[in-house]
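Student: Starting from the two chains in their separate frames, assemble the complex, guided by the hints.
If you want the building blocks of each chain, they are given just below.
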Amino acid sequence: MQSLPPPLLQFLGSLVAILALAALAWWLKLGPEPRLADREAALRAADEAVSGFDAVDCAIDRDGHGALLRDRGGRILLLRPHGSHFAGRILTPAASIRLADDVLVIDTAEKRYGTARLRLENASAWMQAIESIG
Amino acid sequence: MPDFSPTELAVPGFVALVLIEMIWAWKKRPNAYEPKDTLTSLAFGLGSTVAGLISGGAFLALFLYLWQFRLFEVPWTWWAFALCFVLDDLAYYWIHRFGHRVRWFWASHVNHHSSQHYNLSTALRQTWTGFLTLGFAFKLPLVLLGFHPGMIAICAGFNLIYQFWIHTEAIRRMPRWFEAVMNTPSHHRVHHATNPRYLDRNYAGVFIVWDKMFGSFEAEVDDEKIRYGIVKQLGSFNLLWAVFHEWIGIAQDMWRAPWGSKLGYLLREPGWTHDGSRETSDMIRAQWLERQGKTQKPVATENPIAGGTEPA
Chain A
291 MQSLPPPLLQ FLGSLVAILA LAALAWWLKL GPEPRLADRE AALRAADEAV SGFDAVDCAI
351 DRDGHGALLR DRGGRILLLR PHGSHFAGRI LTPAASIRLA DDVLVIDTAE KRYGTARLRL
411 ENASAWMQAI ESIG
Chain B
2 MPDFSPTELA VPGFVALVLI EMIWAWKKRP NAYEPKDTLT SLAFGLGSTV AGLISGGAFL
62 ALFLYLWQFR LFEVPWTWWA FALCFVLDDL AYYWIHRFGH RVRWFWASHV NHHSSQHYNL
122 STALRQTWTG FLTLGFAFKL PLVLLGFHPG MIAICAGFNL IYQFWIHTEA IRRMPRWFEA
182 VMNTPSHHRV HHATNPRYLD RNYAGVFIVW DKMFGSFEAE VDDEKIRYGI VKQLGSFNLL
242 WAVFHEWIGI AQDMWRAPWG SKLGYLLREP GWTHDGSRET SDMIRAQWLE RQGKTQKPVA
302 TENPIAGGTE PA
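Going down the list, the sequences are from chains A and B.
Going by our numbering, the first residue of the first sequence is number 291, and it counts up by one from there.
Going by our numbering, the first residue of the second sequence is number 2, and it counts up by one from there.
So here's chain B without its partners, still in its complex pose (with noise of 0.2 Å):
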């Protein structure tokens, strides 16, 4: 196996285009960065690669130890590593899409989101605590198949560097056919936006067809004017604070539950709430469709995760 971290050596080059976008951002857009949420992204993104060492070799190994039961042996070879990039990339849109989609989830992903702006800074907004969900699970097809774990983590390790360079208001559109296929600036400003009519779309990783295929695809829109976060704004630059906020939110909401909701608010999307008191985004988006007055199928319908809009 080889030891080849491509996230590793991309570090320089992250840090030399948050510098390019910085200057961008001088000249053109001085609301693009804030020092404080700079900062706040950019030690959240130390943390992770400290979280991920620790966990990081927890997960290979039992990886590794699936790896003895595989179903074929997978070569290396060029073309083994092109399907696993593409067969990764689809479990990282599932993963997405579970961590918006259940509260459990959200509470590790909710940190990648949790910051106003949209910059090449909050491209490495990571979490710290992805290792407290199921996320790797999502992985395991891949490893019983016949996937060296070692390829997979590489390829994983592109895949993260190519959603770095989509973190950005600089670029409006790429190129119609590179839109139509792959994730970009314009699709990922959708997803990071809490404008009602983008909540929950555009889980893509690297490429976006599988929000096409799978129902959750959103363009976006040139004359409406995006906000970013999420819907209840942390209102603080404290780091710890926004790490672990959603999931002291949900140890507080299972300890006031009654005992037949306690695990809804585990496993059923954020938002939602036994008494109706919360909102979820299903709910936001369809109250903002009723102000508008259209009719449009919730995304909810098209999602076979966390299907209901009303609460329990």
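Only chain A is shown next, with the shape it has when bound in the complex (with noise of 0.2 Å):
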């Protein structure tokens, strides 16, 4: 070790504290993955995903892991986990949609945010609306 030069040898024990640290995260249990409880949570979720976004229809999740929700413009947002927050996407024409069993996979068509899986009670419906965007 003492013929690495200082900078990596820094480095490297930079690196190992952050990998400790990130486990130590991990080891916690720090981050729980967030739930939607109800309709208002969905609707605050939603307003913090895009300021101002005026549900007048809302799906969530069976297990709270997302939602779909329709504004009076006809703006379809859809709300999924990101570590401990929710991240949301109003879908453009480019999103696609399909049901696996009873589970609605939904591609917004952005690479790095990726498909939700959401369980809705009425998926046939959300779909419809998904598939007429544009």
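By construction, these hints were calculated from the structure, which means they are not laboratory data.
No residue lacks a Cβ here, since even glycine has one placed at the ideal position from N, Cα and C.
Be careful, since some hints might not be right.
Stated by the list, open to error - Computed footprint of chain A on chain B; a stretch qualifies when at least three of its residues, placed anywhere within it, have a C-beta under 8 Å from a C-beta of chain A:
#, stretch
1, 13–22
2, 26–40
3, 230–242
Stated by the list, open to error - Selected chain A positions facing chain B (in silico; Cβ < 7 Å):
#, residue
4, I308
5, L318
6, L320
7, P322
8, S341
9, F343
10, P371
11, G373
12, R402
As the list claims (entries may be wrong) - Where chain A lies over chain B, by a calculated footprint (3+ residues, C-beta under 8 Å):
#, stretch
13, 44–56
14, 277–290
Tutor: Okay, here's the thing in structure tokens:
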């Protein structure tokens, strides 16, 4: 180790500290997955994702792992967990949707945001609504 | 010139304080940390030290060259350090304000804001691409006044160390006199918030007085839950995407835009579009105020950098 240049040694030391801290956060079970308990929570999360999103229709995943919401203008907002928070996207005509068993698989067409898998009450109606965007 | 880097010496302290805050989170606020978010933030910090090593030398060389043309001889004394620290913090305020109001600068600074968490690991979420902006130009007046580049670097290091501890939700308020003068966890929570009332506020590094002086101060409201991050949350923990997404966005927008609007995507405020298809922070705030039934002077009217709220 003595032959390593100091900046490299410092880099490796920092890397070890980083991995140790992230492992500790995981071991302490920090950052629980968020759940949408009810409509109120979904509306609040929608307003956080898109300021002023005024939902008139809302469907929450059976386990609270996300939601679809529609506003007066017909915009559809997808909420899905991202770490211990939610991240939302207004769906565009590029979005695609399919039903796999009773799970709606929604692809936003945004590679890094990826797909969301939701179990909804009125899945076929939401599927139709998303297919008709554009 | 002394070979002294305060930030390097502070690293063990940063690690220890993150550890202490994690234990606090475990006891009181488990959702204050999230392992993947923490790993991303800390990897940002590590990468930024590498980027700093590569680009820092070049900036120091440039500053040392320009220092030959200084107006005054500023000695290496305690009062010169104190003055340099205050002036460096003033320069930081303007670099930071440009970092939020000009998309070119924001492409680099957005890295520090892209976590939806606000904890001490967020403080270490530092950019890798700062050298691609003109932030260093704001320090040139200090060099030309006669402050030695080494002194400026040491002051900037202490400035960065000061800003570490204010990235926490574990401290609610500091004593009143302190809140009046210094940047604090409360003031900086406002800065990291995406609540419309808080967008583009509190740019201070160490002294909050600059925000009060230049009209960008907003106090934290106790009964409003703060949400952190950026207006369009990343929704991804991919480190490279987190580092470069805004640069890629600028390139794509400039490529697609009509000729007369291309530069606007680089030089106007984040969210600006030639066709009004996206929202700037001023627009978001104005719409929010309209919904609240209030009227308030938008920050852009106080902001000489990127004043227009309407798309060109």
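Student: Can you name, in rising order, the numbers of the hints this structure does not satisfy?
Tutor: Violated: hints 9, 10.
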